[in-house]
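If you read the sequences in order, they're chains A and B. Okay, so the first sequence: first residue is 340 according to my numbering, each after it adds one. Okay, so the second sequence: first residue is 340 according to my numbering, each after it adds one.
Hint data in this document are derived by calculation from the structure and do not stem from the laboratory. Incorrect hints may appear among the rest.
Which copy is meant is left open, so a pair is good if it fits within one copy or across any two.
[As the list claims (entries may be wrong)] Capping the alpha-carbon separation at 25 Å, the derived lysine-lysine pairs in BS3-like fashion look like this:
| id | residue 1 | residue 2 |
| --- | --- | --- |
| 1 | Lys439 | Lys476 |
| 2 | Lys695 | Lys619 |
| 3 | Lys632 | Lys736 |
| 4 | Lys495 | Lys736 |
| 5 | Lys556 | Lys495 |
2 protein chains.
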Amino acid sequence: MKHLPRSIVRGEGGKIGLFVIDGLGGLPHHERGRTELEEAHLPNLDDLARRSSVGRVQLLPAGLTPGSGPGHLSLFGYDPLELEFGRGLLEALGSDYPLKPGEVAARGNFCTLDASGVIADRRAGRPTTEECRRLVKKLESGVSLRGATLTLLPGKEHRFTAVLGPGGLGARVNDNDPQVEGKTPLAFRGEDAASERTAALANDLFAQARKALAGEKGANGILLRGFSTRPEVEGYAERFRLRAAALAVYPMYRGVARLVGMTVEEAGKDLEAQLRNAKKLLGRYDFVFIHTKPADTAGHSGDFAAKIAALEEIDRHIPALAALGLDALAVTGDHSTPCVHQEHSWHPVPLILHSKRCIPVDGTTFDERGVLRGDLGTIRGPELLPLLLAHAGRLDKFGA
Amino acid sequence: MKHLPRSIVRGEGGKIGLFVIDGLGGLPHHERGRTELEEAHLPNLDDLARRSSVGRVQLLPAGLTPGSGPGHLSLFGYDPLELEFGRGLLEALGSDYPLKPGEVAARGNFCTLDASGVIADRRAGRPTTEECRRLVKKLESGVSLRGATLTLLPGKEHRFTAVLGPGGLGARVNDNDPQVEGKTPLAFRGEDAASERTAALANDLFAQARKALAGEKGANGILLRGFSTRPEVEGYAERFRLRAAALAVYPMYRGVARLVGMTVEEAGKDLEAQLRNAKKLLGRYDFVFIHTKPADTAGHSGDFAAKIAALEEIDRHIPALAALGLDALAVTGDHSTPCVHQEHSWHPVPLILHSKRCIPVDGTTFDERGVLRGDLGTIRGPELLPLLLAHAGRLDKFGA
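Next up, chain A with everything else stripped away, as it sits in the complex (with noise of 0.2 Å):
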């Protein structure tokens, strides 16, 4: 990272603590005129938001809404403009799959092809969440590629995850899928030596499936897209010389943990057990990442009540996590997720930073405009870390 010259990163301090509500920011409700956070009742957050530095994380460049990787990425201090993410990548890491180098990734869909090959329909009539497990091992046991590995991920209804390995492997391969059903499938074709591997190996996986479905009525061919390898990434250890570990229930928050070098401990199933969790390893690591989900969940589904219901629930935990006694502690979010717009959005979102070198002031409170006359104003995701870092006291002075 550029701005933060390495030889100022002490390798030493305080504890750091990084809690991530996913989705947390929202936007005013159109007849009621509030947001959900500031519908809902959150003691503890406002009590530790007047105790500390407050203001918003805007995540990526003005009007750029963050998927969760690059959401991510920005608070973990890096710049997600500058990672190629593929989506690939995203599906492996979403299934608990550690993409290594040299190994790609694919988005897998079943699809139905017609006698000449012609696509039908590229979802394969939708087949259940279970159907697709069942595909995916006779699509195992029927394809031997030659000379490398595949793996293949079971993924929601037709999806699935294809990675091909075990290395030298380029991603610069086009998607098969045409996009528009009434045509066929693409050849795939690669725009390097190393692409052009993976390109054979995947002209071969299509093939080998076609036989290894040709019994099945509706799942009868595959299409792939979204080639990706794992990109190089200047680990925490590196790059802070912080000992990081990740507390996340969902898999994708865990793989892109790992990405930055975190290492991915035992989460537990909420963030009760999150958190009793985090104390006991408080010992073995100068930093926690701690996800919840549950608000981005709500807010995807548009439901006011049920993110101000999973908001206020996160609040009931807020002593737990105070009482981790850390030295430098920021609760924020990887992007909004207004519930009267259900998608994430570009908007920045609310931060609290706490530390004893924080500057509280009055009458900030935790939501969208509360948080507007905090002294942090908004700062961008990647200077997040830095401010951790130095509240821990573990930046030395730049130049004497």
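Go by the hints and put chain B onto chain A.
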């Protein structure tokens, strides 16, 4: 500076003042909850804030704590991360020695070597500062380098600065200080041809110093580190078309001002004298930099009452500052030095920008939280100078 096209710098217009209160910003007292600036009675600064644009200056990227050199370069309109600013250079500047291009400065320690040349004490038993001056004189008269000049500047206790000249020398030379006792000093080596010349001179200096100091009980050897040259800096006249004067009581700040091409003028012994001298100089200059130190010193000591007293003393001189009749005036700091931290910190520093084109906001006061209401928000250090140029009518419109 990439953000200030040279074509729009007019080279004429109003007079500009930059008043730097070293270590200005603070943090809330752990019991009383108010910062030094908030507790101080500052009627003149508060009044100026009420009639000005106010906000904060962030000197370096988020979380980075500036040393005095980088803090000032940032306020002066330069990116401190782009300028190499070696320790030896800082020491030379701090001794009021205007290092010339091609000269090399290094920090020196007198040390104690035992009979076999092993370091017994890296600080030679901490001689007094008076003793240091005697040792420096002895060294100067006992050393003669072939084809090179040696200038020795005494420092405090065991410290001095060595400057090698007259030119053509590089600074990519290792320290000979092994950083621990019980080892012999390292040989100097240069990483390029110019630095090899420096290394050869430094090895010769080390050997001759042993002979010259052979009769000393404690200080019978020298350690050199932080070899540095003067960085290439485009000066104020060229970059901003400003005739700039510096009025600083302490040599370090005169040195940094010299680096950017300001003329160092006689400051006098204190702020009253600086302002009296500034008034006399204004006919000959477009820009005047005035530096005052006591608030920083009090911050380092951790003495809340002393810092408040220093700030209140500065406040008494604000009417004289205002009476200079500058067309654009900035009052700010080169970094925060909070009493609760006793060191420089990374927190942005309060800023007053006064001119006939400013936007006062009701309720602002000159302290960490009072400036948050202001219209300027948090600007980056190198943005200050273009703003001052604009307020002084020294920038043309960009584009038609």
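Hint by hint, here is what the structure shows:
Proximity of Lys439 and Lys476 under a CA criterion of 25 Å is satisfied intra-copy only: 22 Å inside one chain copy versus 64 Å between copies. In this assembly of identical chains, the alpha carbons of Lys695 and Lys619 lie at most 25 Å apart only when taken from the same copy (23 Å versus 46 Å across copies). Taking the closest pair of Cα atoms, Lys632 and Lys736 come within 25 Å of each other only across two copies (19 Å); inside a single copy the shortest separation is 37 Å, beyond that limit. Proximity of Lys495 to Lys736 under the C-alpha cut-off of 25 Å is restricted to the inter-copy arrangement: shortest distance 22 Å between copies versus 50 Å within a copy.
For the identical chains of this complex, Lys556 and Lys495 are intra-copy neighbours only, at 19 Å inside a copy versus 81 Å across copies, given an alpha-carbon limit of 25 Å.
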